[in-house]
Amino acid sequence: MQIKTYLSQKKPLFFMYLVGIFLFITLLSFGTYRYFLDGKVSQLAWTESEMLSRSASVVNREMGYIKRVTMLLRNSVTARLAPQQSTQSQNAPFPDDWKAQVAEEFRYFAQTSDLISQVRWISLDGRELVRVNAQAGLVSRVPEEHLQNKSNRDYVKNAPKEANQEVYISPLDLNIENQEIVRPFQPTVRGAIRMAGEISGILVVNYDLTQLFELMSSLSSDDVSLEILDANGYWVLAADKRLEWGAILHPNDARFNIKSYFPAIWQEMNNIQGLERFFQDNRLWSLFELHIDGDDSESQGVPHASSLYLVAQSNANALTVWQRTLIMRIIGIASLCFLVIAWLVWRQVAAQFETYRLLKLVKQEKDQAEQMNQSLNVANQKLIDLQDELVETSKLSSLGLMVAGLAHEMHTPLGGVRMALSSCKVWLDEEASSLSQKTNEGVFNSLAIAEKNLSRALDVVSSFKRIVSDRTAHEMQTFYLHDVANDIAFTYKPALKKRSDIMLKLEVPDNIQMLGYPGILSQIFQNLIDNALEHGFQRLDKGEIKLEATEKNGNLELVLSDNGRGIAPEMQKRIFEPFATTGRSKKHTGLGLHLVSQWVNKLMQGRVEVKSEVGVGTTFTLTIPLQQKIVEEES
1 MQIKTYLSQK KPLFFMYLVG IFLFITLLSF GTYRYFLDGK VSQLAWTESE
51 MLSRSASVVN REMGYIKRVT MLLRNSVTAR LAPQQSTQSQ NAPFPDDWKA
101 QVAEEFRYFA QTSDLISQVR WISLDGRELV RVNAQAGLVS RVPEEHLQNK
151 SNRDYVKNAP KEANQEVYIS PLDLNIENQE IVRPFQPTVR GAIRMAGEIS
201 GILVVNYDLT QLFELMSSLS SDDVSLEILD ANGYWVLAAD KRLEWGAILH
251 PNDARFNIKS YFPAIWQEMN NIQGLERFFQ DNRLWSLFEL HIDGDDSESQ
301 GVPHASSLYL VAQSNANALT VWQRTLIMRI IGIASLCFLV IAWLVWRQVA
351 AQFETYRLLK LVKQEKDQAE QMNQSLNVAN QKLIDLQDEL VETSKLSSLG
401 LMVAGLAHEM HTPLGGVRMA LSSCKVWLDE EASSLSQKTN EGVFNSLAIA
451 EKNLSRALDV VSSFKRIVSD RTAHEMQTFY LHDVANDIAF TYKPALKKRS
501 DIMLKLEVPD NIQMLGYPGI LSQIFQNLID NALEHGFQRL DKGEIKLEAT
551 EKNGNLELVL SDNGRGIAPE MQKRIFEPFA TTGRSKKHTG LGLHLVSQWV
601 NKLMQGRVEV KSEVGVGTTF TLTIPLQQKI VEEES
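Heads up: the sequence shown at position 438 corresponds to 438 in UniProt numbering, and the numbers run straight through without jumps.
If you're looking for bench data, these hints aren't it; they were derived computationally from the structure. The structure presented is a predicted model; accordingly, all values stated were derived computationally and were not measured. The beta carbon of each residue, even a glycine, is placed where N, CA and C say it ideally should be. Possibly wrong hints are sitting among the right ones.
[What the hints assert, rightly or not] With a Cα cut of at most 25 Å, we get these calculated DSS-like pairs of lysine-lysine:
{"hint": "1", "residue 1": "Lys161", "residue 2": "Lys67"}
{"hint": "2", "residue 1": "Lys10", "residue 2": "Lys382"}
{"hint": "3", "residue 1": "Lys611", "residue 2": "Lys546"}
{"hint": "4", "residue 1": "Lys552", "residue 2": "Lys602"}
{"hint": "5", "residue 1": "Lys552", "residue 2": "Lys542"}
{"hint": "6", "residue 1": "Lys382", "residue 2": "Lys629"}
{"hint": "7", "residue 1": "Lys10", "residue 2": "Lys67"}
{"hint": "8", "residue 1": "Lys573", "residue 2": "Lys505"}
{"hint": "9", "residue 1": "Lys67", "residue 2": "Lys40"}
{"hint": "10", "residue 1": "Lys360", "residue 2": "Lys382"}
{"hint": "11", "residue 1": "Lys552", "residue 2": "Lys493"}
{"hint": "12", "residue 1": "Lys573", "residue 2": "Lys382"}
{"hint": "13", "residue 1": "Lys497", "residue 2": "Lys438"}
{"hint": "14", "residue 1": "Lys360", "residue 2": "Lys10"}
[As the list claims (entries may be wrong)] FRET-style restraints, in silico, Cβ to Cβ:
{"hint": "15", "residue 1": "Leu626", "residue 2": "Gln572", "range": "27 to 35 Å"}
{"hint": "16", "residue 1": "Gly126", "residue 2": "Asp38", "range": "24 to 32 Å"}
{"hint": "17", "residue 1": "Asn164", "residue 2": "Asp240", "range": "37 to 45 Å"}
{"hint": "18", "residue 1": "Asn232", "residue 2": "Ser76", "range": "32 to 40 Å"}
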């Protein structure tokens, strides 16, 4: 039972510790996950920022180069034609071969840069006057019959109105020839500048940005990809090549627009200011708005080209795999830590409870030792009481011997007195005639009173002598039960005079003869009567003590009953035990009924029973053989 209670106390405490450990490790694991996730996001943010910064730097560098080359070409053409015009009047027309000279200059410039794919001189109404193509290192002049009208193109409409240093950079698109998109795709921007002179026009240079796009594509990695969108949300450069150039190839198909896939991203792009960064759809997005002509504002009425959006986004799948791997590692480490800490806590709890259990055992043993010590003290006190009782018994035995001797000595003179009284009566009878009648009657009455008191004294002495002789003798004797009962009743007359409300009633036939120990039987009667007087009745109680004797089948059945207060049920179970008493405060030893039980059961080979009811009374029933046998003492 104690082990079950011990376990029932230990397990709830251990589970409480486990809950605390689990919560602590969970919070620590979550904090660790957030720490590493923030570090990963910071790393991705730095990578994306670096990617956008390099991309913007490359684009701005190329756009600046395009502007410088365009102005340099215009200056070069102007310089070539200027000497011829200086020899003529100011209003003289260009020479007839000016187109050839311009074409030659165009051919020369086309050979100086791999970016230049076309150089054109376009009239103000949009007609091509001179065009030189440069493809794969081959430079050729386009025949005049193949020249086209470009009046509907934005670089014609938005070209500078004045011949100054302004260069218009057209929006980024694909190179188109004869209404057909050149394949493979050639990302192209055009620089347009105004030409002054008699044959004014627009100098347009086409720049092939294929290498630039290849360079920007190479910036993408497995973790972060770089994409470019136009101002309307269509992909120009995409991780999925199928989405590129949707504005030109599929102008009315929303599937090629970022609005259909990531509306939140498109909303952010419309409100972008500088570099923006946020987390969406389990990926980190970094956005940057880039003006392709490198200028954020219009100058002298020349509009700048449409903006491009540089978008760097982390790989959602790669980030998910990284997160899953991180979570599994954290769970593994957390589980291992949980098990180790739980094992350590279990050992600590077990040690604490083991210490507690040992302390309880020590306390129990201490309590048991104290109880044993107390029991030894009680036993020692009982032994002292028994020793005192034996001393008193020894004193009473000595007193009995003295009383027996005294009774013997008193019996002789009292016998002499009886003989003297008999002689006096004989003498009185002889001298009666000489005495007066009055004197004779007085002397006779005095002698009668003396003889009566003398007989009473002889009876008392005989009774004391018989009681003492019986109790001091240890041999079996033949006796009449009524003599023993009457002698005991005689000895209680003085005590009963003091308690006149209690009567001792004897119903013992005269003819019950026994062979046994009359002295022991006398002490049994005395102990039972003393027990009734001391415990059955209290002061001022009224009642009756009754002793009945009958013969049944060779046995003597003695019933001593009283109508006193009775014995409590818990006391009835131990009434015959040694030192069992309720009168310890009155210095009762608790040996009286124990001796009765020992004498009846062992010495006289009989039995004793008790029945009692609180408030009704108590009855002791003794069954003793009339002819007892000598019991040999055990060695």
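Results of checking the hints against the structure:
no.: 1; hint: Lys161 / Lys67; result: 17 Å, holds
no.: 2; hint: Lys10 / Lys382; result: 45 Å, violated
no.: 3; hint: Lys611 / Lys546; result: 15 Å, holds
no.: 4; hint: Lys552 / Lys602; result: 20 Å, holds
no.: 5; hint: Lys552 / Lys542; result: 32 Å, violated
no.: 6; hint: Lys382 / Lys629; result: 32 Å, violated
no.: 7; hint: Lys10 / Lys67; result: 84 Å, violated
no.: 8; hint: Lys573 / Lys505; result: 28 Å, violated
no.: 9; hint: Lys67 / Lys40; result: 40 Å, violated
no.: 10; hint: Lys360 / Lys382; result: 32 Å, violated
no.: 11; hint: Lys552 / Lys493; result: 30 Å, violated
no.: 12; hint: Lys573 / Lys382; result: 20 Å, holds
no.: 13; hint: Lys497 / Lys438; result: 38 Å, violated
no.: 14; hint: Lys360 / Lys10; result: 15 Å, holds
no.: 15; hint: Leu626 / Gln572: 27 to 35 Å; result: 29 Å, holds
no.: 16; hint: Gly126 / Asp38: 24 to 32 Å; result: 57 Å, violated
no.: 17; hint: Asn164 / Asp240: 37 to 45 Å; result: 43 Å, holds
no.: 18; hint: Asn232 / Ser76: 32 to 40 Å; result: 37 Å, holds
Checked against the numbered hints above, the structure breaks hints 2, 5, 6, 7, 8, 9, 10, 11, 13 and 16 and satisfies the rest.
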